[in-house]
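**Q** For reference, the chains in residue letters:
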Amino acid sequence: MASLRPIKISFDALAGVDGSARFSFGETCTALASVSGPISARPASEHPARAAVEVHVRPLSSVPGTTEKFLGAAFKGIIERSCVLGQHPRTLIQVVVQALSPPSNALVAAEINACSLALVNGGSIPMQGVMCAVAVGMRRDGDRMDFILDPLNESKLDGAGCIAFLFGISGSSFHDELPPSKVLWTSFRAHNGSSVSLNMQELKQATELARKGAVAVWLNMKESLGAAMPAGDGDVKMET
Amino acid sequence: MRPPSPSIPEKEFVYEALKQSLRLDGRDLLDIRTPSLTFGPELGWVECAYGKTRVIAYVEAKMIKPPPERPLEGIITIHSEISPMASVDYELGRPSEEEVMITRMLDKILRRSDAIDKESLCVVAGQRVWHLRLTVHCLADAGNMLDCACLAGIVAFKHFRKPEVEVVGDEVIVHQASERAPMPLAIHHMPFCVTFAFFPDPSIRPVIDPSLLEQRLSTGLMSIALNAQREICVLQKAGGVPTPPDEILRLINVAVTLAKDLDKLVERRLREDWDGRKIEVV
Numbered sequence: 000m001a002s003l004r005p006i007k008i009s010f011d012a013l014a015g016v017d018g019s020a021r022f023s024f025g026e027t028c029t030a031l032a033s034v035s036g037p038i039s040a041r042p043a044s045e046h047p048a049r050a051a052v053e054v055h056v057r058p059l060s061s062v063p064g065t066t067e068k069f070l071g072a073a074f075k076g077i078i079e080r081s082c083v084l085g086q087h088p089r090t091l092i093q094v095v096v097q098a099l100s101p102p103s104n105a106l107v108a109a110e111i112n113a114c115s116l117a118l119v120n121g122g123s124i125p126m127q128g129v130m131c132a133v134a135v136g137m138r139r140d141g142d143r144m145d146f147i148l149d150p151l152n153e154s155k156l157d158g159a160g161c162i163a164f165l166f167g168i169s170g171s172s173f174h175d176e177l178p179p180s181k182v183l184w185t186s187f188r189a190h191n192g193s194s195v196s197l198n199m200q201e202l203k204q205a206t207e208l209a210r211k212g213a214v215a216v217w218l219n220m221k222e223s224l225g226a227a228m229p230a231g232d233g234d235v236k237m238e239t
Numbered sequence: 000m001r002p003p004s005p006s007i008p009e010k011e012f013v014y015e016a017l018k019q020s021l022r023l024d025g026r027d028l029l030d031i032r033t034p035s036l037t038f039g040p041e042l043g044w045v046e047c048a049y050g051k052t053r054v055i056a057y058v059e060a061k062m063i064k065p066p067p068e069r070p071l072e073g074i075i076t077i078h079s080e081i082s083p084m085a086s087v088d089y090e091l092g093r094p095s096e097e098e099v100m101i102t103r104m105l106d107k108i109l110r111r112s113d114a115i116d117k118e119s120l121c122v123v124a125g126q127r128v129w130h131l132r133l134t135v136h137c138l139a140d141a142g143n144m145l146d147c148a149c150l151a152g153i154v155a156f157k158h159f160r161k162p163e164v165e166v167v168g169d170e171v172i173v174h175q176a177s178e179r180a181p182m183p184l185a186i187h188h189m190p191f192c193v194t195f196a197f198f199p200d201p202s203i204r205p206v207i208d209p210s211l212l213e214q215r216l217s218t219g220l221m222s223i224a225l226n227a228q229r230e231i232c233v234l235q236k237a238g239g240v241p242t243p244p245d246e247i248l249r250l251i252n253v254a255v256t257l258a259k260d261l262d263k264l265v266e267r268r269l270r271e272d273w274d275g276r277k278i279e280v281v
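These protein sequence lines map, in sequence, to chains F and H.
In this text, residue positions in the first sequence follow numbering that gives the first Met the number 0: the first is 0, and each later residue adds one.
In this text, residue positions in the second sequence follow numbering that gives the first Met the number 0: the first is 0, and each later residue adds one.
Just so you know, these hints were derived from the structure itself, not from any lab.
Bear in mind the structure is a predicted one, so any value in this text is a computation, not a measurement.
Examples of chain H residues toward chain F, derived with CB under 10 Å:
#, residue
1, Glu41
2, Glu46
3, Gly50
4, Ser82
5, Leu91
EDC-like cross-link-like pairs, simulated, lysine to aspartate or glutamate; straight-line CA separation at most 20 Å:
#, chain 1, residue 1, chain 2, residue 2
6, H, Lys157, H, Glu118
7, F, Lys68, H, Glu90
8, H, Lys277, F, Glu26
9, H, Lys64, H, Glu170
10, F, Lys75, H, Glu90
11, H, Lys236, H, Glu213
12, H, Lys61, H, Glu170
13, H, Lys117, H, Asp106
14, F, Lys68, H, Glu80
15, F, Lys203, F, Asp140
16, F, Lys7, H, Glu41
17, H, Lys107, H, Glu72
18, F, Lys155, F, Asp142
19, F, Lys211, F, Glu201
20, H, Lys236, H, Glu96
Every residue, glycine too, gets a C-beta built ideally from N, C-alpha and C.
Take these sequences, add in the hints, and give me the full structure.
**A** Shown next, in the form of structure tokens:
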């Protein structure tokens, strides 16, 4: 019930942007995010006191539609709350999220994690914490609501959602303890025309289950950053 | 907005180096970066990289009712919008020259050249045909995204398998991949695109597979799409650099050799990937 699919993290070092990262839950749920910033903003969109954030979400197949616009607005809110934007006024932070798998709630979670890693990989924007998200599926069983962490097949469930946490930085250094986390964003959706409702107790249950998953994501992210090379151009190899 | 590079020192350095037949990344004038192909877990998902230039292509199929003017053919649509991920200079919603060129070339090479047989995509004449949708995502622009996108596109079509369909009277049964093995698409030929860059100084010979700096500093680009059988599908020359016919023929011959090498590379990679997917029933 409380286990995630194997997480794979890689840093692509894309040539045209400042930071990029790829995050996947298992084999079939991968997202790639890139961050450029702070760069010069268009005069119409610049903010006098802080950096402006622009998020473009692109699906794997076809052109971006309304879902992508909705996710873009949601991710913008998440990033604005996780980054310290006041240090770079009148600039733009441009984030592009590319889905590399067909759409699902777990993919939304992977996209948030990829954004988070790309921001850390870029290294140019100060952050208040690291965003970690997981998907939670729900199935109504009589009176009870069963929650499944990181569901593989969402179409068989009554509904699913994505919960994002912000893992902050505490003053004292911690070795075994985990940093404090707060819920940053939640989004639940019912499937198959069924209507599901959650009461506060059930929502708390789902949040706590998701928190366990988010902790596993955070530990994976920490490990991957320790092992990865620093961001930059890298060496341009001479092809002989 | 800061104008995109190249700066004057970059320009002068590159031109001087090219006059001495030296390229910044150490390649010869007629050497391409070796393309690398990675296949995804789904069939029809390909990531192609020419050095640091990366493109992902994905093919999806849906069954639809064909338009009345063409009831016996399937439909192929190609989406190739460049996002700001490829480079900060690209803006969404405002197609740059590069994006228009890639869209046009992909259209000519993959659709108009009849590389994929559209009549084999028909299931029930006038009622149901396959609609193939190719989406090309440019992840990083380090020069020559066009060749990368074309290679990714054609390999994605070759890699893709459409579900097996059975027509019983009026009913169309689409079998799941777990019940019946999906079928490859009917591809007549594999076109590969090769791009040459021309420079303003006539003493500088054309270079193949330009890097980002070389592409920005070039005055003209010539792209040739041909297959391993020496048939030219598309020849596009932009920029208006005057070039004598024997030079063009020389470049076409270079492209022919390259197309044969690319064909062998693609065959080998597809075979390796397919071997990895087969499950031997003992």
